[in-house]
Amino acid sequence: MTGWPTGLASPSWGGDYNPEQWPEHVWKQDVELMRRAGVNLVSVGIFAWARLEVADNRFDFGWLDQVLDLLHDGGIRVCLANATASPPPWLTGANPDLLPVRADGVRLSHGSRQEYCPTSPVYRDRAIALTEKIALRYGEHPALAAWHVNNEYGCHVSRCYCDRCAGVFRDWLRARYDLDGLNRAWGTDFWSQHYSSWDQVLPPRVTPTLPNPGQVLDFARFCSDALLDLFCAERDVLSELTPDVPVTTNFMANWTFKALNYWHWAAEVDFVSNDHYTRADDPERHIELALSADLVRGLSRGEPWLLMEQSTSAVNWQPRNFAKLAGEMRRNSYSHLARGADGTLFFQWRQSRAGAERFHSAMLPHAGEDTKVFREVTQVGEEYGRLAELVGSTVDAQVALVYDFESAWAAEQPAHPVAFDYYATVLGLYKALWQLGVTVDVVPPSADLTGYRLVVVPALYQVTDDEARWLEDYVRAGGHALVTWFSGIADENSRVRLGGYPGAFRDLLGVRVEEFFPLAEGDTAKLTGGLSASYWSELLHANGCEVVSSYVDGPLDGVPAVTRNVFGEGVAWYLATTLDADSAVTVLSDVLAGAGVTPIVSAPPGVEVVRRRGERISWLVAINHTGADVVLPVEGVELISGVDTAGGLPVPAGGVAVVREV
Amino acid sequence: MTGWPTGLASPSWGGDYNPEQWPEHVWKQDVELMRRAGVNLVSVGIFAWARLEVADNRFDFGWLDQVLDLLHDGGIRVCLANATASPPPWLTGANPDLLPVRADGVRLSHGSRQEYCPTSPVYRDRAIALTEKIALRYGEHPALAAWHVNNEYGCHVSRCYCDRCAGVFRDWLRARYDLDGLNRAWGTDFWSQHYSSWDQVLPPRVTPTLPNPGQVLDFARFCSDALLDLFCAERDVLSELTPDVPVTTNFMANWTFKALNYWHWAAEVDFVSNDHYTRADDPERHIELALSADLVRGLSRGEPWLLMEQSTSAVNWQPRNFAKLAGEMRRNSYSHLARGADGTLFFQWRQSRAGAERFHSAMLPHAGEDTKVFREVTQVGEEYGRLAELVGSTVDAQVALVYDFESAWAAEQPAHPVAFDYYATVLGLYKALWQLGVTVDVVPPSADLTGYRLVVVPALYQVTDDEARWLEDYVRAGGHALVTWFSGIADENSRVRLGGYPGAFRDLLGVRVEEFFPLAEGDTAKLTGGLSASYWSELLHANGCEVVSSYVDGPLDGVPAVTRNVFGEGVAWYLATTLDADSAVTVLSDVLAGAGVTPIVSAPPGVEVVRRRGERISWLVAINHTGADVVLPVEGVELISGVDTAGGLPVPAGGVAVVREV
Amino acid sequence: MTGWPTGLASPSWGGDYNPEQWPEHVWKQDVELMRRAGVNLVSVGIFAWARLEVADNRFDFGWLDQVLDLLHDGGIRVCLANATASPPPWLTGANPDLLPVRADGVRLSHGSRQEYCPTSPVYRDRAIALTEKIALRYGEHPALAAWHVNNEYGCHVSRCYCDRCAGVFRDWLRARYDLDGLNRAWGTDFWSQHYSSWDQVLPPRVTPTLPNPGQVLDFARFCSDALLDLFCAERDVLSELTPDVPVTTNFMANWTFKALNYWHWAAEVDFVSNDHYTRADDPERHIELALSADLVRGLSRGEPWLLMEQSTSAVNWQPRNFAKLAGEMRRNSYSHLARGADGTLFFQWRQSRAGAERFHSAMLPHAGEDTKVFREVTQVGEEYGRLAELVGSTVDAQVALVYDFESAWAAEQPAHPVAFDYYATVLGLYKALWQLGVTVDVVPPSADLTGYRLVVVPALYQVTDDEARWLEDYVRAGGHALVTWFSGIADENSRVRLGGYPGAFRDLLGVRVEEFFPLAEGDTAKLTGGLSASYWSELLHANGCEVVSSYVDGPLDGVPAVTRNVFGEGVAWYLATTLDADSAVTVLSDVLAGAGVTPIVSAPPGVEVVRRRGERISWLVAINHTGADVVLPVEGVELISGVDTAGGLPVPAGGVAVVREV
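Protein chains in written order, with our numbering: chain D, 38 to 699; chain R, 38 to 699; chain P, 38 to 699.
Since the hints were made in silico from the structure, they are not lab data. Treat the numbers as computed from the prediction; the structure is a model and nothing was measured. Do not rely on the hints blindly, as some may be mistaken.
Said to hold, decoys possible - Cut-off 27 Å, straight-line C-alpha distance, at most; resulting in silico cross-link-like pairs (DSS-like, lysine-lysine):
1. 65(P) / 170(P)
2. 65(P) / 409(P)
3. 563(D) / 409(P)
4. 409(D) / 65(D)
5. 409(D) / 563(R)
6. 409(R) / 563(P)
7. 468(P) / 563(P)
8. 468(D) / 295(D)
9. 295(R) / 468(R)
Unchecked claim - Listed next, with one range per pair, are the computed distances between beta-carbon atoms:
10. 301(D) / 110(P): 48 to 58 Å
11. 451(P) / 193(D): 29 to 39 Å
12. 412(D) / 140(R): 35 to 45 Å
13. 618(D) / 618(P): 33 to 43 Å
14. 273(D) / 483(R): 55 to 65 Å
15. 690(R) / 664(P): 50 to 60 Å
Note that beta-carbon positions come from the ideal geometry of N, C-alpha and C, so glycine has one too.
With these hints in hand, go ahead and build the complete structure from the sequences.
What follows is the structure, encoded as structure tokens:
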């Protein structure tokens, strides 16, 4: 993190603000209500291109001038967009080849959002020109706290298959391979796919049957890079013209999205921001939220980050859009805060009257101020004012969890042993850690693991030789590791590592797997020690490791399923199946105990406690996701109520608490 | 209704007749069997274009001359098609741009049916030329009873996305909006969709994500109008050349279809005709039939109408095509008759040997005359001969039900709180009225409500200000109204009405809803008074209304779900949830009682009774859908048997009766 | 069969061998391991085009020379491919119109496999040129045992809808019909589809709704023929240049594929070969295997055939790819052998490291030799060495089962009474025969039925008049037949046979069906005699036949469901419903008894026994699919163990045995 929105003393509170959707008289009312709700930061202008550049090179900034002045007068800071998220119809209409093309050759139409091909020079030139205009006009505006570039890159169009993209893809490949190298990397000797000249190489468009896995993987990498290149070009304009104003773009590091390698992106923003929406039909959606937040903190290398979007209540894009229950948005906000967010904003301030998202909740609902939602918004806004001291602090964790976007791209391809969901697999394991009250830092492969007692490695399907060595070195030097099935299977081109699975980690784990035995839908495997599992099993041989648990029936009767290997000074565990939730807690509990990891505080199940640490003091944030009041053995001052917790910290059912520890 | 097929004394009985599929010797046999089956009206030539205009401008009318003469000799009247339903291959082959284009740009091929773009000038010119030929040749033919124009407009191709349609769509819009007005109506300030010139405006083709709701809604309106314009052009030829021959086209006002606004269409036909097919896997399919029939009578403004198509038994296009049970087709026919049809025809007379519909049942099955089907056909045909006195009578109803095709187009769009089916929602409420023995008239928004004791308003999602006022005026003057959730939400451009739901009806109902709480699939909400509900709930505040029933558990514990508001001289009920079937009957029973509505006759559940009324006398049509014989307290003469019902009217299990009331 | 791979004494054992995917040093190791595994035949070069013709007209045969020499030195015979299965990128890149086109007009891209349009002259010319090169270079190679042409024709691209194919389709039609005949055959008077000139006729591309059934059926025939024409062109090169080397191509006569009429194809190969993969989620997958094997033997007119591909364990293309259980691959191999295969090969020898099939099992897994899979491969390879005497023998059967690829194409079209799966329907009936221990020969319609005691005719939807007569003649002369519902419905153009179903077989069966009554999903019909059925029922009249079983409830209460008709000297049974598994066994048991068919040996359920017969001696192959050891009343020498079975033949649970009968 090289920057933070300026002028903010306490945690940020606010949301996307789209005044262009409303008549002028509403703007004053907005500022007044924002003040009442404790709002201190809003994101303005994200989809305003068509209203700022109303026709080719004809600009109208008057309304935005007025809005920014009003906000500034109200003491509200602005994260100002460069407004390039969606090109206006006059631009796409005049330049149809700016529109993206699907794998089947269909060119998309305007009338929605994000209708641009990532490699279009026309789009890029016009986006840069607009960014320049905005930077020049508002770079000195006193309300300006940060720049917000574009919006949710790749959300709907992460991959374009047009001929121009094909050419840029070839350039990207040529920077990495010679033609022989490409043929080797993609294994083109399979199915007569050998390329004899560069011009034969294409994106993975629709084909008769399965595509080439290496081609698909590299195209995913290219598409992430192509958008990142676009971001950098937009950012550079701003960084050059206003070097003191930090720049961000909102990521979607969560269960809904996987098209971008955010480890690369995070290096290019001045501060990390993220969008997060809970999955309304998941009763454990607060745990997925925690994983997302930890992942974002990882992207931010431990530094505070900004939740750029969440929802106050229902969204509009799930199968059924359930409302959040009373208190749920408050708990969501504190969970993000606990896990390193120095601010939590919403999409959006005022619920739209028209357009495709008018049934997405907002801070100020259609029904106005006299609502459950606006009251809860106002309550938390007020509370955030008392939490200024947390700003800038970091989060304590003893466990690292390895997260790899490219393993998702490689492992989720078709024609694998089973249909596979990388994020869901990581989340399954994460839930056990959450239940055990352990905070984890999410790290990329090859991260510095100094200080972590345990590293958890779920389904790290593709690894380079260096990455494999990195994990061995960590354990050899005394670290503890827990590796799960479908790790180390392939190299960075999705070519299988030979000699038995999990290829890259056989030595580390002291195992050799000769064959995968996926389980049928609904089938359960029984293991020794009262454990049970599903989805996956393997014909595994202990090769020096200790067998912790084995199958007790079925075709793998007696075969090890959980193993533990002393390796150098450290210990490496292997989970060769998908343990059921309770069994995962049982095994993880042993793994943690062995590594000397203890929960932050002894709390009942369902009560989330995370420690933030400043230079001299520390805080505990507690969120009670259960229906029962609890009292935690915590000493200090509860900041929301101002009460001393001497006799223990009461956290009411569904409530939260923030304690400055003594 | 400004006309009726001429020369028919009793209710019409017959079907589509496609002699071009059969050799000449079959035609005579057909006429003979038709006479045996009581057939008095057939529809001829619907798909005969390729056999009448065998090549470009080369005609062959000889076979049709012969068929019409044969029918006339047999005393059978003809509803003659202008034969434009499907252009022949020579026409589409020579004019590929006559073929329709999908939203993804794919141009459809011939080889099926209805392969024309609604705005194609070539198609229109050739269709008009053919119509003229036919009108000139057969306008004076003595068998001619009416004209049948085209067929099931829009059934398969209601929307074409070609460039020509884009242009005509723009013209349609320009007749309604200036560019500023269009931008306001569609809310184009959302997602940077502002149009700066007309040529940027397109149909809603495939886009990266959600389309603009206003654009989609207006395109639906345009597509209905574009086809209506085509119909009028075809009709005008006929009306001009043969002013005394009534013109119709067959609607599909039923559960299967929603692309046309038939309220507009009904104004353009000389008499209303409709196609209806039961949904074989629905045990209550006879109630859906009743709703469809009431809707068609509504379209016909209470005047008699013609059922142009139903099936004698199985169709060929449902997932499994179940046969109708013995007696079912007879009951279906009488239900239509009871609800205002002055004739019930079939697709088709003789089951096809070849082609895509050869497994669709017909009056004369593949297996011939010695069949359950042909016997039942003959029976009903014979019975209809005794029911001549019913022809021209109307139907009694005290309740109006508001039906709005445009609310379906607006409310069924994506990104709403839940996936929504307008027709199914209306049907859910209608079933309670049917169970309670109450006949309803279906009316459009803003209809004249004089004489109705109650108006039922299900899910009237989009309303103009005038329409909202219309309902208020009705209740204020003493009317009773029952409004359900998702009514009054939006204006005519699908822009949400602010200040709390149901925007347009908050005052009328005395409620304010601040947030929607859809229920999960399979969840049930308990309400006071022993009621239960599912699918939907709302965070509702009583604002002057009386609370009839409230939730007794869950997140909305204590929140009102059913309310009753005295408004002016009248009463307005609100259903804020989807009541289960029994609960709906309970609540509707109170609503009806309050409005002074009583069933036509006291009949056991499952026995349908409807009154038709002539100038001086009236008739009751009773259909027993149960497995038990019943006796109804009805006095008069049963017309099928000729028996006096003095001691009560027996209606056998699965049977029917028609009584001239004393 | 006019040939067999030369130089093989015992049953063939081996697999596809793709050395181009591996470095040179692996090749020697491969040959050594092959010898250890008893491999005597491998298929080489199937996807090697891009490595043999590395650029336009630039060849590299060196590596293949070396591989063939190595194999020959190791005593391993080679089925050498002409390498045309997938055109290389340089060829498709330079000739985009060689790529196939979908029904919606999308042209597929290269990057997968089989990317050619069957009628492309460029593809054909280049394929023939390559074949010539290979024939000239390797025709005299001492390792060469047979030619393998192309690969799994039509597997992914069986139908191309491009304009060129449209033209060739028209030529194909003109060779069969004049234009009037085409119009009659397709019933184009339906829906105004009459063609007035040949250029209007197209493939069944995407249309507004249902296509023409006759057009779809003829297009299926054309597509099968177009690929067959391509095969013949490739084959002719080889047959001319190397008349003594037998030519084959691998069929997919199994549950996964139905696009080719293999009865036509089988006449064009020198020996029949087939690919078979079990359906991992079907617990009775070994019975489907048996049906496939019997079908392939039928294609081979009773002569031995070659299983060109099966899998040692999991495949990579099913929803979940389950491993084969220990012993399962061995049982699979012996089932094929029992049913006439003189060799069973695998895809593939060495599991790929890269490419779309790298998770498909192989003889030599990723994990190497020390594996369950390689051990089982080695075991069976060794065993095959003791079974040389079986080579060339045939299989005993008393029952014929009629299988018709064209009935699948006709009966599986949309808009039928129910969604229909021809292969599954045949399999359902076959399972009862399998359970009863009866071996069947699969035959085409009009086959010579001499010597069969019973012919089973499942769902023979479309028959010519000649075919209908053929079955009548067989029964009239004393044969027994069992016909099931949906037989005889239509003529060869899918035009329904009138007068009652099953049109072509009404007289033979002594029944008349007036209407179909499909059952609802999950519904069961009870029949007299304790039988039960599902899926289908019919309103049937006995017309001289004996009623064996009738419905005892529901709408068809009392209607016959199973009938038996004495016809001439023979007997014809009719199954008018889909009997449940046990009921089918009960009825079939009576049918078999009546026809005098007895099982080969009295074996417990789940133990498969088939007799192969040589000129003087015979063998029984027994496969125990149960979990219990059994002893069969069989006398002779068990060839694998060499033990005399005097006191009965023990077959262990999951095991196999091969006995030379005394």
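When the hints from earlier in the document are held up against this structure, which numbers fail? none
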